[in-house]
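Novice: Here is how the chains run, residue by residue.
Number of protein chains: 2
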Amino acid sequence: MEQLKNFKDFIKKIENLRQASLILKWDMETCMPKNGAEANIAAITYLSNEAFKLSISDEMKNYLDELSKEQNFSKMDNIFKTMIIKEKKEFDKTKNVPLELATHMTEVCQRSQNTWFSAKPENNFNKMIPYFREIVMLAKEISRYKDPNKSAYDVLIDKFEQDMDTQSVEKLFSELKDGIVPLIEAISEKKQFDDSKFKGTFEKYRQKELSYYFMDVVGYDLNSGVLGEAQHPFAMGNSPFDVRITTNYHLDDVRPALFSILHECGHAIYEQNLSTNLVGTFLNRGTTMGMHESQSRFYENIIGRNKNFWVNHYDKLGQILPYFKSIPRDEFYRGVNKVEPSLVRIQADELTYNLHIIIRFELEKALFDGTLSVKDLPTAWHDKMKSYLGVEPTSHQCGVLQDVHWPSGLFGYFPSYALGNIYSGQFLMQIEKELGNFDELLINQKIPKITSWLTKNIHQYGKMKTPKEIIRDTCNSEIDVKPIIKYYTNKFTELYDL
Amino acid sequence: MEQLKNFKDFIKKIENLRQASLILKWDMETCMPKNGAEANIAAITYLSNEAFKLSISDEMKNYLDELSKEQNFSKMDNIFKTMIIKEKKEFDKTKNVPLELATHMTEVCQRSQNTWFSAKPENNFNKMIPYFREIVMLAKEISRYKDPNKSAYDVLIDKFEQDMDTQSVEKLFSELKDGIVPLIEAISEKKQFDDSKFKGTFEKYRQKELSYYFMDVVGYDLNSGVLGEAQHPFAMGNSPFDVRITTNYHLDDVRPALFSILHECGHAIYEQNLSTNLVGTFLNRGTTMGMHESQSRFYENIIGRNKNFWVNHYDKLGQILPYFKSIPRDEFYRGVNKVEPSLVRIQADELTYNLHIIIRFELEKALFDGTLSVKDLPTAWHDKMKSYLGVEPTSHQCGVLQDVHWPSGLFGYFPSYALGNIYSGQFLMQIEKELGNFDELLINQKIPKITSWLTKNIHQYGKMKTPKEIIRDTCNSEIDVKPIIKYYTNKFTELYDL
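As they're listed, the protein sequences go chains Y and E.
Each step along the first sequence adds one to the number in the working numbering, with nothing skipped, and position 370 is 370.
Each step along the second sequence adds one to the number in the working numbering, with nothing skipped, and position 75 is 1075.
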């Protein structure tokens, strides 16, 4: 069909612009010299703007209208049918956003993120205030254009987690909190593990060697991937053929790099296993950030922090870093599963991690409903950390400035992490039903089998299915907090003898 | 002036597209996973095409026409006057090239270069034949559109070395050959240095440390630069604020990385020292490839292979690689200046290097005047190597496939290297006139003073002046082979006791 062929050529242009923007962003975070920022930001802004212009152009509208007509629609394969339906929905939301507003937002976010690169090490929150203010203001404005009937924060949540809203997240998070707070309390009454011996001096090149080993163990394909270094670990892809990850090495502790590698591998494995039939469409990505996080946290925690995972790999750790030969495997296992309220999200344990997310969710909500102003963010952060986790940030660096998300304009993203935890519990339960006991799978080195299951049920679909559809088709269930709570309860009851 | 302001905004678009293409190319050579090539090539092709479309658009024509009118032209500063004159000339040449042809050329070159990445290690010339054929054919076609009155090879030479043509290059190269061949012959009758002890095992991280030391010594600014790794060392920039270099570490010999670093630093220092007033214009680059190579070879050879350079830095080599403590400085000096015909251009000594270039020049000329066909290139290469240098390639890898230039479509580029040598001799002579004895300058650690001289006379101008203008203004001379021959004669007469 001529019409479809032309449409494919048209979206290829948008894909080329997005590809270029993505590589420029990768470059900014992993390679670019300090003084190169201006030119890269200008180029990203320009390219994003051009892509946005195409995506809301009359040409796009015409294609969507034409291809939606029954005589054309019926001739397309399932992938393009889904793409047209989803893109039309997206187009109808986005077409009302003024171009200058979208461009301005892109530019502000790039500058803001670039400012954060220095503001964080300088512990300087004031530097970020004007950016946060402007981003919140612009995000509200854009949301109003996208859907005037919804609150701005609802629009933002839906952006990262399709078909979700503030109220549903609140309900799920409340159940999650009810499930984990008693566990955290019970643990706090037990004798705590001493993990002081995990601190030492671990040269970067050895940690790198370890990273390559574990990337291989979990099946991250380096023909379609690269490991880089960045201030904040992240994964980034635009097709199954090129999905990159970064980490950040702490020279005094191997755990942050090790588990961030497993985390980012989870993201990357998701996208490396997308069906190649989706290449050349906009469905060529993980379906939502929540589903993405379910995969990253599955590899990081459910696999990587499982006792039985280490049965096969602990010796390797000792080979690369002989220091660990003196630490028994069981002690290492406890050391990477110590539950203890702490300040930094990405270093938090599996349980308290959820509270870090709930705090951010509540702060974002308050910023957007106007009950919290940007300048009061550090105080509000401090108060919530104290009240939910019993710890008090000693600096902005390990407090409100710790994450790249807000500086990059990603408000509404954080809930995805805890939603991801919830989904991952459901997938674990289903895997055990279908493939048998999870501990056995790990002891018998069946990670490829687990990945195949995840690929068959989740990865391959990209954006063809929403999270709710995936969970329904895979687990025959609604989104359900109980499985992850059950997993937490079993794991930590055993670990801490609760 | 409104008109000029709009023109500046317009060329910013082109600069943004070029910036993005450049970073994508950097990514392809330094970072991208194997399977990412398709998407990056598609994006580079698209962006280059968009930039090209803008550069030959009616909008561009209107700006050039309008701003050339006396009432507007007189109001502009010198930089924009020069830019308009040069761009109009370029526009008049390029406007006739059909867009599809230019696009096709970009794409073929990207694919060709990407094929070379595997063809070289596989020693597979056949893989490159279709690409070389197509590139030569397309380059001829494009040249005909640009200037039907010139030979294709003349058009290509002029592209890299403004105001030069085949005949002038032939004349200069003939003088160069006449000057160096007797020196090479005289050296061949002398006792040769034994540099076998330079081979060893030199870990990459130590060679990296050495690289950073020498980048600092010559004044490469890492706030506006980055060192990466690539199969073929190169430098790359789009403004003084971001000029990157790569090297390739040989684990058995420190010399290739060390001197390629100095070479690429020469390129990078040139562009880091462009006047910032040129930012936002197309004059924001080194004026020609020949002038670029004059700078790279100045830092690599005239500075880096000078006996007195090592007076201050040889101890550092021994500190980082203790192996060198057992080698006296004088022996090291001889070891990095050994004149001996060899197979690989980038590892060739200062003298025979020129013959490598002359061979390539003659082969390119023959490819373009039709007296040599692509399939016969390896034989012709072999014959010329044997006749000019007395050595015979044992593989394509160290023969016709050794360089990235032809696979990237850069026919007409090679002469620049030897032209650069010629220019660098003229600059050396002038520096000695103005700043005093060069050996003394190096002993007294006056590299910053030398760089200031080069900046004042060359770097700052970017494309404001042609090479001929720079040489005229700086040395009060035409392009002249004699100074570099004099430098070679003095240096190697002393070194080999001729």
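If you are wondering where the hints come from, they were derived from the structure by calculation, not from laboratory data.
None of the values given here were measured: they were computed from a predicted structure.
Any given hint could turn out to be false.
Straight line, CA to CA, 30 Å or less: simulated DSSO-like cross-link-like pairs of lysine-lysine [to be verified]:
| id | chain 1 | residue 1 | chain 2 | residue 2 |
| --- | --- | --- | --- | --- |
| 1 | E | K1053 | Y | K204 |
| 2 | Y | K338 | Y | K375 |
| 3 | E | K1208 | Y | K199 |
Have a look at the derived ranges for each label pair, beta carbon to beta carbon [said to hold, decoys possible]:
| id | chain 1 | residue 1 | chain 2 | residue 2 | range |
| --- | --- | --- | --- | --- | --- |
| 4 | E | E1141 | Y | I346 | 51 to 57 Å |
| 5 | Y | L251 | E | P1448 | 47 to 53 Å |
| 6 | Y | N248 | E | D1369 | 53 to 59 Å |
| 7 | Y | Y205 | E | I1129 | 53 to 59 Å |
| 8 | Y | G335 | E | E1203 | 27 to 33 Å |
| 9 | E | D1369 | Y | K34 | 46 to 52 Å |
| 10 | Y | P448 | E | D1369 | 57 to 63 Å |
| 11 | E | K1081 | Y | S68 | 36 to 42 Å |
| 12 | Y | K34 | E | P1448 | 18 to 24 Å |
| 13 | Y | K34 | E | Q1319 | 52 to 58 Å |
| 14 | Y | L251 | E | E1100 | 49 to 55 Å |
| 15 | E | E1209 | Y | T371 | 49 to 55 Å |
The beta carbon of each residue, even a glycine, is placed where N, CA and C say it ideally should be.
Novice: Each hint needs a verdict: does it hold in this structure or not?
Specialist: Outcome of the hint check:
no. : hint                          : in the structure
1   : E:K1053 to Y:K204             : violated, 46 Å
2   : Y:K338 to Y:K375              : violated, 34 Å
3   : E:K1208 to Y:K199             : holds, 28 Å
4   : E:E1141 to Y:I346: 51 to 57 Å : holds, 55 Å
5   : Y:L251 to E:P1448: 47 to 53 Å : violated, 34 Å
6   : Y:N248 to E:D1369: 53 to 59 Å : holds, 56 Å
7   : Y:Y205 to E:I1129: 53 to 59 Å : violated, 41 Å
8   : Y:G335 to E:E1203: 27 to 33 Å : holds, 32 Å
9   : E:D1369 to Y:K34: 46 to 52 Å  : holds, 48 Å
10  : Y:P448 to E:D1369: 57 to 63 Å : holds, 58 Å
11  : E:K1081 to Y:S68: 36 to 42 Å  : violated, 54 Å
12  : Y:K34 to E:P1448: 18 to 24 Å  : holds, 21 Å
13  : Y:K34 to E:Q1319: 52 to 58 Å  : violated, 28 Å
14  : Y:L251 to E:E1100: 49 to 55 Å : holds, 54 Å
15  : E:E1209 to Y:T371: 49 to 55 Å : holds, 54 Å
Checked against the numbered hints listed earlier, the structure breaks hints 1, 2, 5, 7, 11 and 13; every other hint is satisfied.
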